[in-house]
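Once you have looked at the hints, place chain C on chain U.
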Amino acid sequence: MDRFERQYILPGFGPASQQKLRKTSVLIIGAGGLGCPALLYLSAAGIGKIGIIDGDLVSLSNLNRQVLFGKEDLGKNKAESAAEIIQKKYDDIEVEAIPYFLTKENILGIIQNYDLILDGSDNFPTRYLVNDACLIAGKPLVFGAIYQHEGQVAIFNAKGPHSINYRDLYPIPPSAREVPNCNEIGVLGVLPGIIGTWMAAECIKYLTGYGDSLEDKMLFYDLLNHNSYQVQLAKNQDSNQSRPKNHSELQEMDYQDFCGLSTQTDWEAALSFLKNANQSVLVDVREHGEQPELDDVEHLQIPLADLPNSRSQLASFQNILLFCQSGSRSLKAVDMLKSQFPDKNIQSVEGGIIRYFGDLK
Amino acid sequence: MKLLAFGKIAEIIGKQEIEIENFPNTDILVGYLQQQYPALKDLKFSIAIDKKQVNGNVSITTGAEVALLPPFSGG
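Which chain is which? The protein sequence lines are U and C, in order. Numbers given in my numbering equal positions in the first sequence, counted from 1, plus 772. Numbers given in my numbering equal positions in the second sequence, counted from 1, plus 662.
Extracted from the complex, chain U is given alone in its bound form (with noise of 0.2 Å):
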């Protein structure tokens, strides 16, 4: 008898099956909400080897739902936390961490690796940046995600460009601000678990042929009633126009302006926003004592070169607006604030205080 005995004695599973699961891969994208439970069913179910990344630190908000994780792992990366607590777990599979954010840059050298790909990242940047690497390297997805109290999960590309990819259900992305996230909304724990569990079957079955899977599919569930709802997918000729189709189009994709978070404001629109959205905050990126002051505006005072460490300080927030003195060094700081927290919106005040003073005032 082995781990996985009561598994492959069931009909239509199968020792050929488990087979099968030992000699694939995964890579699952974000040890969150949604990754955690994929992960701990796919350890579980065998699969041989499996990679997580995720740039992100552990936090006390993610413990109602990133349940691989508890008070003992804040702070910590969640790929080296997830890896080792997986790797203690099982030691006939192998578990690769990557702890760092996927890039443009990075994706396709991770991606190739792999044999399936899930995606339980949280942002939209990052899913149609996910979904076009796999269509370039050919790479079945297996796609989650939810908002707040819903869920829909599907399997795209799973044979190729004729399979249907998030692109052709939604050619347009929606500006992040159109959908909030979790962070901005909340959810409950279960959801994802729900979800990320789903995701982790359609992995199982995908890979085995047991059942029918969600390719070409996509399934919506709703927590509060039970209700699901599976739709048949098809082919969108605009989901052609924007993709990149190879390696060096998609170095020249900005996903981020892509789907309408641009670097870049004004004042006008920084202060309307800080007046109407929750969870913003302006910083002023400026040495202190730096002039003239802004104090007519409520804001935080953290120079560039402490942003770095600032990270407790400003996680609480899903928009951050930074401002300098004529607008350079506050573009850098987004840059810098973007590879700690590449699911914010963040973006740098154009002028900086000099336009604040010379058009405002």
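FYI, nobody ran anything at the bench for these hints, they're computed from the structure. Even for Gly, the Cβ is constructed at its ideal location relative to N, Cα and C. Treat the hints with care, as some may be off.
Quick list of in silico lysine to aspartate or glutamate cross-link-like pairs, EDC-like style, CA-CA up to 16 Å [unchecked claim]: (1) C:Lys-706 with U:Asp-1010; (2) C:Lys-713 with U:Glu-987; (3) U:Lys-989 with C:Asp-712; (4) C:Lys-714 with U:Glu-987; (5) C:Lys-677 with U:Asp-994.
Ranges of calculated distance between the beta carbons of each label pair, as one might list FRET restraints [stated by the list, open to error]: (6) U:Leu-832 with C:Gln-696: 37 to 43 Å; (7) U:Ile-781 with C:Asp-704: 48 to 54 Å; (8) U:Gln-884 with C:Gly-718: 33 to 39 Å.
Output of the computed footprint for chain U on chain C, the stretches with three or more beta carbons under 8 Å from beta carbons of chain U [said to hold, decoys possible]: (9) 669-678; (10) 698-710; (11) 713-721; (12) 727-736.
Just chain C, lined up with the frame of chain U:
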């Protein structure tokens, strides 16, 4: 016809399922909904008729079930 709404679209309409008069095609239906619920104008969504995704302007047969499917990003 029956209209099903998911995610933020259901929030805006106030219900997940409503019975409405028949509309000849999806463009006219969406135009009507945007007029009734102006917040819908800012949203991207895909449409399914009788559980099949449709693209472009598609005619709607009497008594069909039309679902408005917004993207989710959370994880």
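Here is how each hint holds up against the structure:
1. C:Lys-706 with U:Asp-1010: holds, 14 Å
2. C:Lys-713 with U:Glu-987: holds, 15 Å
3. U:Lys-989 with C:Asp-712: holds, 14 Å
4. C:Lys-714 with U:Glu-987: holds, 14 Å
5. C:Lys-677 with U:Asp-994: holds, 13 Å
6. U:Leu-832 with C:Gln-696: 37 to 43 Å: holds, 41 Å
7. U:Ile-781 with C:Asp-704: 48 to 54 Å: Holds: the Cβ-Cβ distance is about 53 Å, inside 48 to 54 Å.
8. U:Gln-884 with C:Gly-718: 33 to 39 Å: Since U:Gln-884 and C:Gly-718 have Cβ atoms about 35 Å apart, the given range 33 to 39 Å holds.
9. 669-678: holds (count 3)
10. 698-710: Coverage by chain U holds here, the residue count being 5 at a Cβ distance below 8 Å.
11. 713-721: holds (count 5)
12. 727-736: Answer holds; 7 residues pass the 8 Å Cβ test.
The structure fails none of the hints (numbered hints given earlier).
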